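Asks: Just so you know, we're using this note's numbering here: the sequence shown kicks off at 32 and counts up by one.
Careful: at least some of the hints might be erroneous.
Lysine to any residue pairs mimicking SDA-like chemistry, simulated, CA-CA at most 25 Å apart [said to hold, decoys possible]:
no., residue 1, residue 2
1, Lys203, Asp141
2, Lys140, Asp128
3, Lys247, Asp182
4, Lys203, Ala121
5, Lys203, Gly188
6, Lys173, Asp206
7, Lys203, Arg296
8, Lys179, Pro165
FRET-style restraints, in silico, Cβ to Cβ [said to hold, decoys possible]:
no., residue 1, residue 2, range
9, Ala290, Asp174, 17 to 27 Å
10, Pro230, His202, 18 to 28 Å
11, Arg320, His124, 20 to 30 Å
12, Lys247, Gly153, 38 to 48 Å
13, His124, Cys185, 39 to 49 Å
14, Ala129, Pro205, 25 to 35 Å
Rather than coming from a laboratory, the hints here were simulated on the basis of the structure.
Source: prediction; values computed, not measured.
The C-beta atom is built at its ideal place from N, Cα and C for all residues, glycine as well.
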Amino acid sequence: MGLVDYSSSSDDEESPASPQRKRHKPKPGPNGLHKSSMPPLPSTFHDLYASTVRQSAVDDPSLHQGRKRQNPHVVGHWPSHVYVEWHPTAAQHDALDALVKQIQRHIGKDIHLHSFLTSDLGAPLPLHISLSKPLSLPTSIKDDYASKIQDAICTSGIRRFCVKPAGLAWHKSPDSPRTFLVLRVVTAREPAGPLSSNPELMAMLAKCNAVAAHFKQPTLYQQSAGDAADGAFHISVGWTLGSLDDETCSTAVQRFKDAQFADMRDWEIVVDGVKAKIGNAIEYIPLSRAVTRRKGDEEVFSFFGI
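Please model the complete structure; the sequences and the hints are all you need to start from.
Replies: What follows is the structure, given as structure tokens:
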């Protein structure tokens, strides 16, 4: 096998310099942002890096801004969660960040509002809408649980849909000392149904709660069949260990109605699948796609197939 014939340094000195290519500067998009020529990352790519590194084998709140595990780690049990994941765009992330900072200014510097929007390294984080409580599944049932969740979603007949922000609220966790700042969501369907502001999420919640109850696990929101939960769906954007008085809580969430956040009320958050996380394994369960139709040169999907 012959060696590769590399040119000598003297040859390089004698050869004429090759002309340099000019790089074309990308044109800014409609919002002044440069549109990337790279295709978007697939949804499953994010699952490869969704697990955090365990820093301690025991519950040490000092490693997590004072937080304690909701479900203490038990050998042979798997922390599990079913949820809808949302990756805000850069513009949406900036708007949410501005909103959280506005709330922080309103409640004062004595109470620290931690953000769910950005990691410790400054990277944007995905957000989620819960469809189950944080569970701790024994090894003996975890695979069967995952299989039944997948079957329940796949056979539900629920098609891809959208939700939109409807307001801010404070949610005091019944299982920990934390209070969460949450963005309430409702269906983006026009008009919203008279009986439920979240018919699609309610249908998925019922499926997930039925599976949880089958394995004698706690259900989310609905402690009994008659409990209404359609107004409980939310996206957590921040949390605090501080104690807020009722007046501060009430006036702080009104910042959502400020003019600078008007566009936020028109966002459409696409729900095209569900994720089931068991331990470090994440299963993506896609919803069936509604029939598409053409509108000019743009393809849009219809909730009703029309």
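Asks: Look at each hint and say if it fits the structure.
Replies: Each hint, compared with the structure:
Simply put, Lys203 and Asp141 have alpha-carbon atoms about 19 Å apart, close enough for the 25 Å limit, and the pair holds. Restraint check for Lys140 and Asp128: the C-alpha separation of about 17 Å stays at or below 25 Å, so the hint holds. Distance check on the hinted pair: Lys247 and Asp182 sit about 18 Å apart at the alpha-carbon level, within 25 Å; holds. At most 25 Å may separate the alpha-carbon atoms for a hinted pair to count; Lys203 and Ala121 exceed this at roughly 29 Å.
Proposed proximity of Lys203 and Gly188 is contradicted: the alpha carbons are some 34 Å apart, above 25 Å. Simply put, Lys173 and Asp206 have alpha-carbon atoms about 23 Å apart, close enough for the 25 Å limit, and the pair holds. For the hint linking Lys203 to Arg296, the alpha-carbon distance of about 24 Å falls within 25 Å, and the restraint holds. Between the alpha carbons of Lys179 and Pro165 the distance comes to roughly 17 Å, so the proposed pair stays at or under 25 Å and holds.
Evaluation of the 17 to 27 Å hint for Ala290 and Asp174 yields a failure: the beta carbon distance comes to about 51 Å. One distance hint, 18 to 28 Å for the beta-carbon pair Pro230 and His202, holds here, with the actual separation near 22 Å. Arg320 and His124 have their C-beta atoms about 26 Å apart, which keeps the hinted 20 to 30 Å range intact. With their beta carbons about 42 Å apart, Lys247 and Gly153 fall inside the hinted range of 38 to 48 Å.
Look at His124 against Cys185: about 31 Å separates their beta carbons, and that is not inside 39 to 49 Å. Checked against the given bound of 25 to 35 Å, the beta carbons of Ala129 and Pro205, roughly 30 Å apart, stay inside it.
Checked against the numbered hints given earlier, the structure breaks hints 4, 5, 9 and 13 and satisfies all the rest.
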